[in-house]
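Chemist: As a plain string of letters, each chain reads:
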Amino acid sequence: MLKSILFGILFLFASHLQAQSFIATVDNNKISENDRFELRFTFEGKNLNALKNFNPPSLKEFRVLSGPNQSTSMQIINGVSSSSLTLSYILMPNTTGVYTIGSASIQYEEKTYTTDPIKVTIVKGSQKPKDDSGKQISNEEIAKNLFIRATIDKSKVYLGDQVTVTYKLYTRLNIASQMSVDKLPQYQGFWAEELETARNITFSREVIDGKQYNVGLLKRAALFPNQAGKLEVTPFELTIPIQVQKKKNPNNVWDDFFGDPFGRAEIVEYQAKSNILRVEVMPLPENNKPASFKGAVGKFDFSATLDKQKTKTNEPINLKFDISGTGNIKLLELPPFELPNGFERYDPKVDEQINRAGKISGTKKAEYLLIPRVAGSREIPPIEFSYFDPEKRSYQTISSKSFTVSIEQGQGSTSDLANQQSIEQLDSDIRFIKTKFGDVDKQSQILLFKPAFWIASVVPFLASLVLIGWKRKQDKLSGNQQLLRYSKAEKVARKRFKAAKKLLDQNNIELFYSEISQALFGYLEDKFHIPKSEFTLDRAADELLKRNIKPELVEKMKVNAQKCEFIRFAPGTNPSQAMSEMYQSFSDVVISIERSIAK
Amino acid sequence: MKKYLLQIIFLAIYTSAVFANTQVNSLMQSGNELYKNNQYQNAIDEYNKLIKKGYEGTSIYYNLGNAHYRLGKVGFAILYYEKALRFSPGDEDAKHNLAVAKLNIKDKVDELPPFFIFNVWEGLLASFSLSGWTVIIYTIFILLLLTVIAYFFSRSVTQQRISFFIGVGFLVLLFFSISLLAVKMNKEFNIKDGIIVENIVTVKSSPDNSSKDEFVVHEGLKVRLEDKVDDWVKIRLADGKIGWIMERSIGII
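Top line first, the protein sequences correspond to chains A and B.
Each step along the first sequence adds one to the number in the numbering used here, with nothing skipped, and position 246 is 246.
The number in the numbering used here is simply the position in the second sequence, starting from 1, with 599 added.
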């Protein structure tokens, strides 16, 4: 808390009494529960370097906020020099009651100095210690001489219109040093824009109620309400250190002793608070609100320009918007505009310049890049910008002229610039509803799970099985196994030939001829449906001739068959050669017959 | 050509049912009248009456989609177009309107470009509905039976040979389309897609209101449904993001 005693002077006095001293002091021995106080141990002597082993007392009953903080000083008074070392603690009591701060000790040149214990009384609440009451000037007194006043230029505004709020410091007291901000005002419901103020506060003089004040501008802000109704601005809170003339305190021995000849002042930290501001925000009138109105309030000028009237496809053109005037430039929405088909629009490049002196004003420039994709002449319809003029209490609309652009077919395909999406080719609207609804039916089971489906699949399957079975039975009954045998004939013949080849290699003459003749005759029997019992060579030849097989081939078959019968019983001189010749000619015959039938 | 054939088969199957049902006609017609008079909400009510009675079909969902689109409910519009396409995947109008409605989706989810074979496969699957595939399989099956019978009844080798090869061809086709049907059925029954129907939905990390917000999705986005706990459903986005949302903010296709 407030330190009312200047210790340096206190201990200067002490130094007169003895060369070395070690004293414990508190700045206040009656402390309210929530206040902090300072405990100091001051040693005075000639040679501070000889100090060692500082042993502080137990400070269990208190909370140590900071410390030990060390400071040294040196003074020469009346030719006597003395130096002092101070170890200080900032303490805060835990509970109420009377506590004794024990002794501290320190060694100086082989000698130990101790302090006397100090009694402190902790009282409840923020009750001021008795000692203080006399020497402090009251807050009310300060408030009369120092205050912050917040003013607004108008208390009733339209939504989005600027209200300027000004914070001024009025003072008749001396401000000791830099003030610190405790709480900035809260602009709830507003868009706030800080206005420019001088960096250092310069004071001017102003007379209020016959009293002269120094007035300094603290802060200015432009507020744009963004909701209708009664809005409040919370106070601006500052801590201001002020110099206060110290009052005489009859209880203080030291004051009496020194008489305070130089107008000793003390510094009081005063918490100043501005008044609460109330603004009534009116909603914008609903009637005559233009369609192009996007919330701009103030006074604006609008122009739109197109950089080129002629271009080629895929060569960009720039559409520039220029909005200037007073109002909330930052929140200004760009006027919407329609583009004819065949243009591609990119996000605009926006540039703002805001002048923050007094009324917020400035310019907003936007540049749209448009790329024509289709050749031909196109018209961009006029672009409208609307704002509400609070002075005239009416909506104003500024309209640009329409732009005609003629686009020639340029180089390059459409696809090489940006990604043209298939979206563009689609119609922008949905197609008409369906007027035929033959497909609407009771929610039904999936076809696959319907028994009818399975019946419909199984029945034809079974039916075909039955049909095939019947057919085969029928064939058997009519002795018509021809088909079966017909298809088997070739296979059987091949098998026999294979066996014959084996026998040929083994040089088994007897079996070879029987096998090879079986191959031929079996083939002919099967192929031409001749029962084994009825088979003769002539019968086979007849059948062959019936099937339009060349007579030469038939003859060859006959000759070979006879030759085979002959050799079989009367093998010649060179049986193995005859065998291989026979094998060759027999297989030739079968292959030839097979070929001519397949034809 | 295939499409017409299919339609003819469909018609043959459903003709009797349709002519018997005058209720469908009257409700659909009154719904369409209301739509023409721009009374979209009333038209929706009318169509919904039919659905409540257990009716369904491409045209009813398509018209519902249109009515919702006109009311600006893009999420529902997309949902119903998807439903319509589920019935007849080749419907041009529904495809077109779905594309138009999708222009209004705010979210852009980057899908991994699928491998081209999958594209072909997906396209093949999507070309017919479940019933469509069933009808195709049935047709092939009957044709196969016919060729088998022809094989046994054939009088000459060439006839037999031809019917044999045709039969093998049909068998291969049959197996192929059965496997397609199996895949499609698995898709229909096990994989559920949904459309976000609420304007803005915050997706949570777990099925609990107090859990962390994962991301935000907007109306019209198609998501895959993976799980369900009480009123919450687990969704998966095309780019793999996963989260939980309330069931009411989604419509299942």
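Source of the hints: derived by calculation from the structure; they are not laboratory data.
Take these hints with a grain of salt, some might be off.
[To be verified] As a list, the in silico DSS-like pairs of lysine-lysine whose alpha-carbon atoms are at most 27 Å apart:
(1) A:K442 to B:K705
(2) A:K442 to B:K651
(3) A:K502 to A:K563
(4) A:K436 to B:K635
(5) A:K349 to A:K401
(6) B:K694 to B:K783
(7) B:K705 to A:K294
(8) A:K436 to B:K840
(9) A:K450 to B:K651
(10) A:K450 to B:K652
[Said to hold, decoys possible] So, partial list: chain B residues that the calculated Cβ filter (under 7 Å) puts toward chain A:
(11) E632
(12) L633
(13) Y634
(14) N636
(15) Q640
(16) N665
(17) H695
(18) N696
(19) S730
(20) T733
(21) I748
(22) A749
[Unchecked claim] Output of the computed footprint for chain B on chain A, the stretches with three or more beta carbons under 8 Å from beta carbons of chain B:
(23) 98 to 107
(24) 446 to 454
(25) 467 to 475
Just so we're clear, the structure is a prediction, and the values are computed from it rather than from any experiment.
Idealized CB from N, CA, C, for every residue including glycine.
Chemist: A separate judgement is required for each hint: does it hold in the structure or not?
Modeler: Hints versus structure:
no., hint, result
1, A:K442 to B:K705, "36 Å, violated"
2, A:K442 to B:K651, "10 Å, holds"
3, A:K502 to A:K563, "21 Å, holds"
4, A:K436 to B:K635, "15 Å, holds"
5, A:K349 to A:K401, "22 Å, holds"
6, B:K694 to B:K783, "20 Å, holds"
7, B:K705 to A:K294, "23 Å, holds"
8, A:K436 to B:K840, "41 Å, violated"
9, A:K450 to B:K651, "22 Å, holds"
10, A:K450 to B:K652, "21 Å, holds"
11, E632, "10 Å, violated"
12, L633, "10 Å, violated"
13, Y634, "5 Å, holds"
14, N636, "12 Å, violated"
15, Q640, "15 Å, violated"
16, N665, "5 Å, holds"
17, H695, "6 Å, holds"
18, N696, "4 Å, holds"
19, S730, "5 Å, holds"
20, T733, "4 Å, holds"
21, I748, "5 Å, holds"
22, A749, "10 Å, violated"
23, 98 to 107, "violated (count 0)"
24, 446 to 454, "holds (count 4)"
25, 467 to 475, "holds (count 4)"
Against the hints set out earlier in the document, violations occur for numbers 1, 8, 11, 12, 14, 15, 22, 23.
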